[in-house]
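Please construct the entire structure, taking both the sequences and the accompanying hints into account.
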Amino acid sequence: MKKYFVFLMTIIMLCGCTHNKQYDKDFQVGFIITTEKKKDSDIVYLDNDLNEIYRQNEKLPTLGDSMNIPMIKDGKMTLVPNGLYLDNNEQKVTSLDFKTGKLETYDVPKFNILNAIIKNDYIH
4 MKKYFVFLMT
14 IIMLCGCTHN
24 KQYDKDFQVG
34 FIITTEKKKD
44 SDIVYLDNDL
54 NEIYRQNEKL
64 PTLGDSMNIP
74 MIKDGKMTLV
84 PNGLYLDNNE
94 QKVTSLDFKT
104 GKLETYDVPK
114 FNILNAIIKN
124 DYIH
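Its first residue numbered 4, the sequence shown is counted upward by one per residue in my numbering.
Note that these hints are calculated values from the structure, not bench results. Hints are not guaranteed to be accurate.
[Stated by the list, open to error] Derived DSS-like pairs (lysine-lysine); straight-line CA-CA distance at most 27 Å:
| # | residue 1 | residue 2 |
| --- | --- | --- |
| 1 | 95 | 79 |
| 2 | 41 | 24 |
| 3 | 113 | 24 |
| 4 | 102 | 40 |
| 5 | 62 | 76 |
| 6 | 76 | 95 |
| 7 | 95 | 105 |
| 8 | 28 | 113 |
| 9 | 79 | 113 |
| 10 | 28 | 76 |
| 11 | 41 | 62 |
| 12 | 62 | 24 |
| 13 | 62 | 105 |
| 14 | 79 | 62 |
| 15 | 102 | 28 |
In structure tokens, the structure reads:
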């Protein structure tokens, strides 16, 4: 009986210590971890104490770099994923909505896009 009780308490404690992290629009700091070696980028959100409050994984390579500064307008950040190393073949523009945390991806039939802005139904 004692083993059963200890096992049950351990399960309860583990369940109580974990929680589903959800996007919080009141984050204080956000940053992007990206690579040009594979289609894998993380957008990480931090609170006032620099604790991670949410991490969002996207299957996009090179989600921004020093030549491709993200544009922010009307609560949305426009990012252009360049593609894999030496390919620059992604042909996409993305828009991150700060209110919802959702990343929308738009197909664009162009290679090596340096910057873009999404306004209404148009991509410039």
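Legend entry - Violated constraints from the hint list, given by number and in increasing order: 3, 4, 8
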